[in-house]
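Heads up: the sequence lines are chains A and B, in that order.
When you line the first sequence up against my numbering, it's residues 1 to 460, in that order.
When you line the second sequence up against my numbering, it's residues 461 to 1030, in that order.
Calculated directly from the structure, the hints in this document are not laboratory data.
All the given hints hold, so there is nothing to weed out.
Far from chain B, some chain A residues (derived; all Cβ distances over 12 Å):
#	residue
1	Arg-144
2	Tyr-230
3	Ala-273
4	Gln-282
5	Thr-284
6	Thr-293
7	Asn-298
8	Gln-338
9	Ser-346
10	Ser-368
11	Gly-409
12	Pro-423
13	Pro-445
14	Lys-455
15	Met-458
Derived contacts from chain B toward chain A, CB cut-off under 7 Å, selection only:
#	residue
16	Arg-905
17	Cys-957
18	Leu-976
It should be emphasised that the depicted structure is a prediction, and the values quoted were computed from it without experimental measurement.
Quick reminder that beta carbons are idealized off the backbone N, C-alpha and C, glycines included.
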Amino acid sequence: MNRVTNRTWLMAIFILVLMTGMLFFLGEYWMKADSWVSAPGSPHVYSNRNLGVGTIEDRSGTLLLNMGSKREYADNKATRKSTLHWLGDREGKISAGAVSHYAGAMVGFDRINGIYNTEQTAGTTKLTISSRVQNAALEALNGRKGTVAVYNYKTGEILCAVTSPTFDPNEVPDVAGDTTGTWEGVYLNRFTQVSYIPGSIYKVVTAAAALESVPGIEDMTFQCTGKVEYGEGENVATVTCESVHGKLNLKGALANSCNCCFAQIAEVLGRDAMLEAVQRLQVTDSVRFDGITTARGNYDITGAGAASFAWSCIGQHTDTVNPARFMTLMGAIAGGGQAASPYIVSQVTCGEDITYRAQTEKTDRIMSEEIAATLKTYLRGNVKDIYGDWKFPSIQVCGKSGTSQVGGGQTSNALFAGFAADPQYPLAFVCVVENGGYGATTCIPILNKVLSECKAIMAG
Amino acid sequence: MEEILQTVLQSHRDLGDMIIHILRYLAPLVALILMIRCIKPLLTFRKEPEIWGWLNMPDGTQIPITHWENVIGRSKSCDITIDFPTVSRNHAVLTRYDDGSWTISDAESKGGVLVNGKKVQICAVHSRSRISIGGVEMQLQPISQKQEARQAQLRTKAASGWDSVANLLLLTILQILMTLGFLLSGTETDLIPILQGFGGILACQWLLFGFYGMIHRASFEVETLAFFLCTMGMAAIATVKPQESMKQLIAMVLGVIIFLIIGWSLRDLERAKKVRYLATVAGVGFLVITLLFGTEYYGAKNWLIIGGMSLQPSELSKVCFVFAGASTMDRIMQKRNIIMFIAYSILICALLALMNDFGTALIFFCSFLIIAYLRSGSVGTVALAVTALIFAGVIALKIAPHALQRFATWRHVWEDPFNAGYQQCQALMCLASGGFFGLGAGRGRLQHVFAADSDIVFATISEEWGLIMAVLTVVCIVVFGFFAIRTAYMARSAFYCIGACTAAGVLVVQTILNCLGTLDILPFTGVPFPLLSNGGTSMMGAWGLLAFVKASDTRQNASFAVRLKGGKKA
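Whole structure, please, built from the sequences with the hints as guidance.
Here's what the structure looks like:
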């Protein structure tokens, strides 16, 4: 008998495995339970793909969404439409990544009570956007697809980021059955999830590259004859301008958005310097904020001929940029080579506590102060000399328009990017109107409205 | 009028909310007290040294006989060591029986065993019998009946009947609290099955206790813990599939009956040895029937559908396997028996390989390991190890590829929370949402996830009743394990010792696989949590295994499985 009983220790090993496993688990629980609760798909915290507890309000405290069981949106229909893509819809087809990112801070989880008290203590997420500006922007877009965004490049707050098309979550359209194309890409947030062919706004990137890499570029002049030809005979490729601009320096070429001059600047600049500039300026990188990673842009000149390379420096070829990224680039120029990173969630409260408060973070320095200053004068010149300050009656701006050819016989996309000249209003902005035609013509009226609203908000 | 009605309704609701709030803390508290009260006597009883007789040696010395089954030999690990060159290392087994009679059997020794000058294989011995082992003469002197009665009185008493009543009352309070929780949670539609479920367990536990009283048994801790697990299981069913509460209740009643039958058959060792043959055949039979007429679910063919009822006969096979593996000392010492057991294990192993059920195979393998280790002495260790190797090899070659997918997601569930890791991620999310005290009856969301009442039942309990409660269910199983080890030292026969340890081992291993699988600490195998998971056959099997744990308990008046001496009351 002794022998058998002395062997029962084997059983103790199994018991030990169970106990060790449980202890290990309790350790994991203590360390990770909050991340488990707030992980996407967590049944008590999410409904569908979106957060299901707490409330969201805009910068002035307007209630945008109560995420309780009914998911009640703002009272105002315009606000419901203009803010939908930051809040997420009821079905979870539009996912509100930024709000979900702070689920942990908002649901009021504690290890002892779990989320038992959440009904009472579920928090409020305050966004940096203003519903008033959002509504103005959406109204200005007037049903056209695209995006308008403005941010404070000194603090990082995104005041406006509107995407169109959008819909009223209380009157969900029949998206699947739509054949007219009205709702094409309606679930996408065009500000973060889409990259557009930039067209001429990309000349800012090329100009920055030239200022950095080509000594004496400001003193050089280029001749526009309306056309630059590459290659010979049947394989001839051209870069063209809509009119003959004559002799221009870099500033003039940017102001007149002269393709031919920029083709010559591209040649002077060279591929390596351009590639290096794109990388340094982070033009194709994602912007990361509040758990959102925006779409990447594209700059690829492998195997590109001379003409294609020239076009790539004019924002065509295979170039794409994400609006949020380009807005940040504008902020960096305005801020002297460095700006605040944009963000949309300013504060999360849970019960009485502030569980998250946004802090301004600086972007990397992407250019020297001198080059930024030069570019600023160029972009200011664009507006003053070409577009006309009278088109922005409310605020003086620096900027560059773009009209990007999208092919397929479609009308070009209209783009405009820039920033306010007055440092009292540190606003950088971007506007894209799909198939909107000329950038300046289409975007400036929209931006004028949006910026004047922003100014009003900032003035208090 | 309407205003008054509104006020009444509102105050009603407020009261309900308040009760739910109090319940959150009260239920785990009651469970904790119950647990401590039950665990203490199970783990703290003293092991009284017992002497059942003496061997009078020719030189006048007396060697005390401290067990019912004693190996006599030259080896130091023998129960009675006779250091004499002609005595084999393991020479003979001296066995005492329930009626006080003794036998001696030859353990395949070189010199043989002589009783009254005759060479014997197995022979009854009396106080005057002359026993010769390897030329060493000795005489057996059993203790007198008076001494035996005194010894019985000295044995640790099991908890008094009043302690058990208090424990059962605590469990009853817990059950009422839990039912109240469901009443207030607003799941009106399923109230009747929920009431039936909890009420049925409540009635069953008191009936069994009453029956114990009739047969003068007082110890009810193991049973109370088992009923606690059943209650928690019912809570999971009430929230996930209330319509199955009656089915589970019936399974539990059947389980208790099986518990009593196995207990009864274990009470008499001679009867147990006979039933063992039946169980051995049944163990194979269940598997063969499943193979022939079974239905395949999720790649494993381990379901039998009879008249709308789905059974998992392999669950009952586990009980049979424990029966087959348990053995008395005199038989353990014979090579032939070990070879028979190896052959039996290989047969079971082959059948399991055909069934393709990884989880069950793993449990059988672990119980095989326990049995093999407990049984193998100096003889047969190697052979058993080889069998173990074959066992593992077959599992690896035949079954593992099917289970490999589960291994792939192990510790990586968060990389694919909506697909491969879905069940476990949901389980962890909900478990964490419940915190230490849970969200309240019926308020969980894990109920919508597949197998919320079986494979991931731990998380379901944790979500609604809190982590404390869920951990207590695991504690129950751990206590069964430790209790089996402790009682092994007092077991009357190696048969009970092996039976109890293996049975508890199976319960522990199942809990390891179920619980740690749910929590992504081990690969997810979908094995039922004993007594807790929804599943009729598994419920019956678990009660059957508990009978073995109970049978080795020799505390005074503790176990129905041990016969009372002289009909004395506690």
